[in-house]
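**Student:** Take these sequences, add in the hints, and give me the full structure.
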Amino acid sequence: MEIDVEKVAEVALGFEHSSEVIGAVAGEIAKLAFDGDTAGRNYGELGARIALRFDGVEASFRRWSEASEDNAGALRASVAGYQGSDGYTASFMADQGGRR
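Position in the sequence shown counted from 1, then plus 13, gives you the numbering used here.
Honestly, the hints are just simulated from the structure, not real lab data.
Certain hints may be false.
To be verified - Computed spacing ranges between beta-carbons, pair by pair:
| no. | residue 1 | residue 2 | range |
| --- | --- | --- | --- |
| 1 | V21 | S73 | 35 to 41 Å |
| 2 | E33 | Q96 | 21 to 27 Å |
| 3 | A93 | A37 | 24 to 30 Å |
Where is the CB? At the ideal position from N, CA and C, for every residue including glycine.
**Tutor:** Take a look at the structure:
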């Protein structure tokens, strides 16, 4: 099996970029404030329920960012492992004079 190392590295870079962007969005979400008091008169209870769910949005974006970063790391490790195995095999075959 052959892997296009450059393409896999590009995908890893894409995951890293996505992680940065998603992390930035999470940071912006964290700056927003919403609670029962800001919901307006007669909407305190509803505002509190919305705020409870809204608080989970930032955490979800943070987890998404971390997962994207983890995927990038896994892809980079796969590329490194593939390159190491490929290099070892090529070296072994050269030492054997091309014999299997």
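**Student:** Hint by hint, note whether the structure agrees.
**Tutor:** Now the hints, each set against the structure:
1. V21 with S73: 35 to 41 Å: 27 Å, violated
2. E33 with Q96: 21 to 27 Å: 25 Å, holds
3. A93 with A37: 24 to 30 Å: 28 Å, holds
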